[in-house]
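Novice: So the sequences go chain by chain: A and B. Taking my numbering, I'd label the letters of the first sequence as residues 1 to 644. Taking my numbering, I'd label the letters of the second sequence as residues 1 to 105.
Source of the hints: derived by calculation from the structure; they are not laboratory data. Certain hints may be false.
[Unchecked claim] Within a straight-line C-alpha distance of at most 30 Å, the following computed DSBU-like cross-link-like pairs (lysine-lysine) qualify:
1) A:LYS168 x A:LYS558
2) A:LYS467 x A:LYS394
3) A:LYS619 x B:LYS93
4) A:LYS613 x B:LYS29
5) A:LYS614 x B:LYS29
6) A:LYS467 x A:LYS541
7) A:LYS541 x A:LYS388
8) A:LYS613 x B:LYS93
9) A:LYS575 x A:LYS592
10) A:LYS176 x A:LYS116
11) A:LYS388 x A:LYS176
12) A:LYS614 x B:LYS93
13) A:LYS116 x A:LYS26
14) A:LYS619 x B:LYS29
15) A:LYS548 x A:LYS558
16) A:LYS168 x A:LYS548
17) A:LYS575 x A:LYS558
18) A:LYS394 x A:LYS116
[Stated by the list, open to error] Some, not all, of what chain A presents toward chain B, calculated at C-beta under 7 Å:
19) LYS619
20) GLN621
21) ALA624
22) TYR625
23) VAL628
24) GLY630
[Said to hold, decoys possible] With the Cβ distance kept under 8 Å, some of the chain B side facing chain A (calculated, not the full set):
25) ILE22
26) GLY24
27) LEU26
28) VAL97
29) GLU101
For each residue, glycine too, the CB sits at the ideal point set by N, CA and C.
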Amino acid sequence: MDWSYTIWIPLLPFIGFLLLGFYGRKLPAPVPGWIGTVGVFGALVLSYITAYNYFFVENTDMLYEPVKGFEMLWMNFTDVLQFKMGVLLDPISVMMMVVVSTVSFLVHVYSIGYMKGDPGFGRFFVSLSLFTFAMLGLVVATNLFQIYFFWELVGVSSYLLIGFYYEKPSAILASKKAFIVTRFADFFFLIGILIISYYTQTFDFITLNGMEQSTFASLSASSFMGMSVLAWALTLAFIGGAGKSAMFPLHIWLPDAMEGPTPVSALIHAATMVVAGVFLVARLFPMYSHVDGGTVLHIVAFVGAFSSLFAAIIALTQMDIKRVLAFSTMSQIGYMMLGLGVSGLEGHEGLGYTASMFHLLTHAFFKSLLFLGAGAIIHAVHSNYMTKMGGLRKYLPITHITFLIAALAISGIWPFAGFFSKDAILDAAYMHNKIYFWVGWFVAGLTAFYMFRLYFRIFWYEDREYKHTPHEAPATMTYPLMILGALSLVSGFAFFHIWPFAEYISPTGEPFHMHINWLLAGISIGVAILGIVLAAVMYMKKSDIPDKISNAFGVLYKWTYNKFYFDEIYMFVTKKIMFGIISAGWTWFDTKIVDGTMNLIGNTTVRSSQAIKKMQSGKMQDYAYAIVSGAIALVIIFVYIWTH
Amino acid sequence: MIPGVGITHVLIVSTLMFFIGIYGFLTRKNLITILIAIELILNSVAINFIVINKYLFPEKINGQIFSIFIIAVAAAEVAIAIAVVIDFYRINKSIDVEHGETMKY
Numbered sequence: 001m002d003w004s005y006t007i008w009i010p011l012l013p014f015i016g017f018l019l020l021g022f023y024g025r026k027l028p029a030p031v032p033g034w035i036g037t038v039g040v041f042g043a044l045v046l047s048y049i050t051a052y053n054y055f056f057v058e059n060t061d062m063l064y065e066p067v068k069g070f071e072m073l074w075m076n077f078t079d080v081l082q083f084k085m086g087v088l089l090d091p092i093s094v095m096m097m098v099v100v101s102t103v104s105f106l107v108h109v110y111s112i113g114y115m116k117g118d119p120g121f122g123r124f125f126v127s128l129s130l131f132t133f134a135m136l137g138l139v140v141a142t143n144l145f146q147i148y149f150f151w152e153l154v155g156v157s158s159y160l161l162i163g164f165y166y167e168k169p170s171a172i173l174a175s176k177k178a179f180i181v182t183r184f185a186d187f188f189f190l191i192g193i194l195i196i197s198y199y200t201q202t203f204d205f206i207t208l209n210g211m212e213q214s215t216f217a218s219l220s221a222s223s224f225m226g227m228s229v230l231a232w233a234l235t236l237a238f239i240g241g242a243g244k245s246a247m248f249p250l251h252i253w254l255p256d257a258m259e260g261p262t263p264v265s266a267l268i269h270a271a272t273m274v275v276a277g278v279f280l281v282a283r284l285f286p287m288y289s290h291v292d293g294g295t296v297l298h299i300v301a302f303v304g305a306f307s308s309l310f311a312a313i314i315a316l317t318q319m320d321i322k323r324v325l326a327f328s329t330m331s332q333i334g335y336m337m338l339g340l341g342v343s344g345l346e347g348h349e350g351l352g353y354t355a356s357m358f359h360l361l362t363h364a365f366f367k368s369l370l371f372l373g374a375g376a377i378i379h380a381v382h383s384n385y386m387t388k389m390g391g392l393r394k395y396l397p398i399t400h401i402t403f404l405i406a407a408l409a410i411s412g413i414w415p416f417a418g419f420f421s422k423d424a425i426l427d428a429a430y431m432h433n434k435i436y437f438w439v440g441w442f443v444a445g446l447t448a449f450y451m452f453r454l455y456f457r458i459f460w461y462e463d464r465e466y467k468h469t470p471h472e473a474p475a476t477m478t479y480p481l482m483i484l485g486a487l488s489l490v491s492g493f494a495f496f497h498i499w500p501f502a503e504y505i506s507p508t509g510e511p512f513h514m515h516i517n518w519l520l521a522g523i524s525i526g527v528a529i530l531g532i533v534l535a536a537v538m539y540m541k542k543s544d545i546p547d548k549i550s551n552a553f554g555v556l557y558k559w560t561y562n563k564f565y566f567d568e569i570y571m572f573v574t575k576k577i578m579f580g581i582i583s584a585g586w587t588w589f590d591t592k593i594v595d596g597t598m599n600l601i602g603n604t605t606v607r608s609s610q611a612i613k614k615m616q617s618g619k620m621q622d623y624a625y626a627i628v629s630g631a632i633a634l635v636i637i638f639v640y641i642w643t644h
Numbered sequence: 001m002i003p004g005v006g007i008t009h010v011l012i013v014s015t016l017m018f019f020i021g022i023y024g025f026l027t028r029k030n031l032i033t034i035l036i037a038i039e040l041i042l043n044s045v046a047i048n049f050i051v052i053n054k055y056l057f058p059e060k061i062n063g064q065i066f067s068i069f070i071i072a073v074a075a076a077e078v079a080i081a082i083a084v085v086i087d088f089y090r091i092n093k094s095i096d097v098e099h100g101e102t103m104k105y
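Hey, can you work out the whole structure from these sequences and the hints?
Specialist: What follows is the structure in C-alpha cells.
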C-alpha cells in the first residue's frame, strides 16, 4: 500500500499556520478560526483513513509491523550522521495521530466560540495551528532527531500560547517558567540522544527497537554507577520526557501554565503535549526493556507512581478549578508512566504498555472535556475560583451533564472510559509489584474525591446570586463538549469489548488478550465510590465539615495548599544558592572584567574622537590649507628620499 | 618653438601661475575670486602639459589632448560652480566664504 499521502497529516495544519501567519491578522474575527479548523479537519480525515487502512485493511493477520509511510533526507552531514524527516506508522503513532487530530479539531471549533471578541483572535489560531503541526510531526517521527526537532517546536508553541495574554505579568512569568523548565529537561534529552546515537550509530526508531538485548550489551560495555552507558542515556531521555510530562520534580511549570486560554490548557496541557513524555518512553519501549534488562523502567515506574500520589494530594486542596485539573493531569500522567514502568515486553507481560496507551487515549478525551467544561464555566462566571461558583447546574445544563460524565470517567466508574484503562494499569501494577498497586488504588480514591469536590462545589453547594445571570455557552462550544462527552462515555467500552485494545496495540505488535480482574476492579470502584460519597457529604450542601477537617489537619493542610512549597524551594535554590553563591564569582568577572574591557574600548574611542573633532571647523579654506601643506610635505619627503 | 625661450622659462611662468592660484584660493573670502584662482591653477597645469609635450616629445600629441580635456572640464566646473555660488547667495545673502561654516562637526 502506498502510504505517502500520510505526509499531508502534519502538512495540512502547517499550511493553515502559514496562511494564518501571513494573512490571518487582517481577516475579520471568525474567518481565521475557520481556516485553522479546516486545516486540522483535513488532518483529522486523513488520520482516520490511515487508521482504518493500517488496522483493518493492510494488516489483516493482526501482526502490526512498523512501516515508513514517507521519509526524506533533510540534512546530510556524513554517511552516518544524516538527519531525516518522515512519517512512521506503527500502532501507537497511528493511535496518537487520531487522538491529536480529534482533540485538536474539537478544540479549534470550541475556540471559535471561546475566543470571540478577543483582540488576539487571529494570533491565537496561528499558534494553535503551529502546535497541531508540531504535535503531529512529533508523533509520526521516524527518528530521534525528528522527535527532538518537533519536541522543541511544541515547546515553543506552548510558550506562545501560555503567554497569549501578554499584557498580564503573571502570564508572561508562567510562559517563561514553562519554557525554561521544559528546556532545562530537554537538555538532558539532547545528551541522551547524542549518547544513544554515538553508541548505536543510528537515530532510526525501527533500527533501535529492532536490536537484540545482546547487541545493546556489547555496544555499551562501559558502565557508571552500576548502569551501562546506554541505560544512562535512556535515563537522560526519560528526564526530558519527565520535564515535558510534568513529572515530579519538574512539575512546577504545569499549574502556572493554566494562565493560558482554557482551550489551550485542554489541548496542550491536558491531552496532547504533556503526554509526549509518555509517548517517548513508549516509542523506545523495546529499547527501554532490553537495555540492562529494564533497569530504567524501574525509575520510570517509581517516578510515575510518586508523581501520581503527590499531585493527587495537592489537588485535594486547590481552590482554582484549572489548577485542580492541572494537578489531576499530572496525577493521571503518573499513572501512564507507572503503566509503562511495570510493563514487560512479550505477550501478556506487555499489559502495562497497552494499558498506558489505552489510558492515554481515554484520558485525552475526558481530560480535555473537563478543561473545555471548565472553560465554559469560566466563560459564564468570569472567575477561576470555586468560591465564586455554586448552584450552576440550573444555568449550564449541557456543561453540567458533560462535566459529570468526565468526572465519572476519570474516577473510574463502570462503564465510563476511565474505568477500563485505569483498571488495566492497576492490573499490570498488581502483577509487577503490590506496593505500586496500592499506591494506584489510593490515588484512584483521591482522584474520585477531588473530582467530585470540584463537581459539587461548581454545580451544587449553595445557590448563589450572580451579578450577571450565567448563560449556556454558544453552539460552537457545546457541540465539542457533547462529542467529547460521548467519547468519554463509550471509548473505554468500545475499545475493550468491540475492538479490544490489546489486539491492536502491544509492545511487539503481537496481539494478546486483555481481561478484567474483577476483584481488583471491584476494590478500585469501591474506593472511588467512597471518595464520591465523601465529596457529596462535604460539598453537596454548604456545611462546616470541610473547614473542620482542614483545621484538624492544620500544618499538613497548609503544606498541601501551598503545593508543598516547591515553587519556593526552586526559587531559593536558583535565586539564593545558584545566583547568590555559586555564580557570584562569575557575575563579578562578567560585570567587572568582561564588561569593563568592552566599556574601556568604547569610552576611549568616544573621548579621543571628542578631542579631535574640533579640527572640522567647517571652513573650506582650512581644509584646503591642510591639503596643500600635506602635498608640500609629501613633495619635500620624496625629494629628500630621491636625492639621498 | 620660439627662439630664445627654453622649457625652463615657460615652466617658471606656469609655476608662478600655480602658486598665485593656490595663494588666492587660500586667502580670498569672495567665492568668485576663489573661482578665478582655481582657473589659474587649472590653466597653469594646461600650460605644463603643452610645454612638456612640445619640448620633450615633439612627435606625440598626448599632452595637447590632455590640455583640451582640462579646458573642457574647467568649463563644466565653472558652470556648476556658478550655480553653487548663486544658490549660496540665495541662502546667505552674501557670497562671502565665511558664511559657509555650518557644515562642521
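Novice: Please write out, lowest number first, the hints stated earlier that are contradicted by the structure.
Specialist: 16, 24, 26
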